[in-house]
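*Asks:* What follows is each chain in one-letter form.
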Amino acid sequence: MSTHDAHAAFLESASLYAVHALPDDEQRAFEEHLRTCAVCAQELRSFDVVVAALSRGVPQLDPRVSLREAIVASRERAPRMPDRARSASRWGSGWLAAAAILVAAVGLALYTATLRQEITGLRQQLRSALVRLDQADRRLDAATQSVNASQLRIAVLIAPDLARIDLAAQPPAPQAVGRAFWSRARGLVFTASALPPPPVGRTYQVWVITANRPISAGTANPDDRGTITAFFATPPDIPVPVAMAVTDEPEGGVPSPTGNRYLVGAAQ
Amino acid sequence: MWLFWAVIDVTADADQSAVVRMAAGDQAALAEFYDRHGRAVYSLAFRILRDQRDAEEVVQDVFAQAWRESARYNTRRGSVMAWLMTLTRSRAVDRLRGRRSRPENALAADPRAEITDAAALADEQLAWSVRADRVRAALDALPVLQRVAIELAFYEGLTHAEIAARLEEPLGTVKTRIRQGLLKLRERLADS
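Protein sequence lines, in the order shown, are assigned to chains G and Z.
Counting from 1 along the first sequence, just add 11 to a position and that's the residue number in my numbering.
Counting from 1 along the second sequence, just add 465 to a position and that's the residue number in my numbering.
Careful: at least some of the hints might be erroneous.
[Claimed, not checked] Beta-carbon label-pair distances, calculated as ranges:
1. Thr131/G / Asp491/Z: 30 to 38 angstroms
2. Ala655/Z / Val253/G: 43 to 51 angstroms
3. Leu648/Z / Asp35/G: 22 to 30 angstroms
4. Val485/Z / Asn232/G: 49 to 57 angstroms
5. Ala489/Z / Asp16/G: 45 to 53 angstroms
6. Arg533/Z / His15/G: 42 to 50 angstroms
7. Thr155/G / Val485/Z: 30 to 38 angstroms
Simulated from the structure, these hints should not be mistaken for laboratory data.
Where a beta carbon is used, it is the ideal one built from N, C-alpha and C, also for glycine.
Please model the complete structure; the sequences and the hints are all you need to start from.
*Replies:* Next comes the structure, spelled out in structure tokens:
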């Protein structure tokens with residue numbers, strides 16, 4: 012390989028390096044090359060924005076309060092105790108004591124007023140804290156849902172019993188293509204592209220075909236680019252799928268296929 | 466978008482100053498630093514590990530390391546945030562790899578089980594949530610196999626060869642998918 016070719020290969024590796032997709036040996040070789048190649052270093056830096064996005068673009072969750080305590084409290088200095096040294100004083104004669112009582116009474120009245128104000132303030136704080144908590148709860152719900160959806164997809168794709176089924180186009184949609192990943196334990200991830208919108212009043216239904224009968228995985232509709240990406244939970248006790256198919260069916264789906272076939276594929 | 470960049474600039478300055486103060490042993494700076502980034506670190510760790518307890522341990526490790534290494538951190542090297550995120554990803558993926566060799570855990574604990582700490586700066590959270598939505602939209606717009614390959618590398622810690630084996634596809638195809646996906650993301654994120 013000429014130096015020029017080697018450099019071209021490294022330049023292509025920059026993106027893979029940025030998302031840590033290189034195995035150890037290739038990673039070390041790229042790092043070695045990086046030391047002497049400003050062009051590759053520049054290319055790598057251009058992916059900083061993508062890496063930051065992948066790091067920060069995940070659903071944001073609030074950690075538990077106890078975590079902050081574990082991290083911060085152990086290192087924070089204990090707050091300084093108020094200086095009590097001077098509060099021990101000498102109360103001598105009677106009139107001084109009477110004056111002190113008077114001062115204490117005035118002080119107490121002022122103190123009560125302050126307390127009332129504080130309580131009003133605290134009530135307001137509590138109200139706004141409850142509002143914030145409610146908002147945080149709602150954000151968390153949305154985030155949890157979104158995490159769950161992507162977790163389900165990934166869980167299928169890293170399942171040890173993963174099986175892949177490719178689906179080919181049928182006459183009603185000659186451009187369409189589909190692929191499914193199925194794990195008995197974790198369910199079905201189905202993707203398809205170039206599907207036309209289903210006929211009015213109808214929906215696409217995805218079928219897992221077993222030796223005995225077709226089982227409905229569920230219904231799905233393509234987006235405006237004709238793409239479907241869907242996760243379906245499938246019962247763990249179904250027989251091994253021998254094929255998959257996509258048909259159009261009445262809105263809401265039907266127990267066994269009746270409509271036109273759009274995609275069909277046999278298990279490998 | 467000006468609000469977002471304004472907030473990021475302010476945050477970057479505050480980060481540099483917090484790290485300098487942490488290096489000098491100022492514990493209040495660590496508290497400030499955690500309040501600013503604890504949520505992002507926890508969220509990334511949780512995304513990778515899908516387990517509350519594991520994610521919490523990673524967050525503790527990351528802030529302990531940030532505290533220890535603050536003195537060695539060179540403020541001209543790059544953004545503190547990028548440093549923190551790289552640290553978080555690598556700690557979380559290491560833990561994930563360790564876990565993969567053991568039997569799978571029971572389902573992750575419900576993150577709503579306890580009252581959460583919503584004390585981080587509201588403006589900053591708002592700016593980041595705007596950004597996170599945009600990032601997710603950019604990711605969602607990728608062809609699904611490009612996206613899955615990128616996710617398997619970044620969040621699952623798999624190499625290109627492992628991804629190819631997993632998806633039963635040729636290595637060259639997988640490399641191309643990752644690269645094309647990342648180029649598209651770079652373009653879309655630079656546009657907006």
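*Asks:* Could you work out which earlier hints the structure fails to respect and list their numbers in ascending sequence?
*Replies:* Checked against the structure, no hint fails, so every one of them is satisfied.
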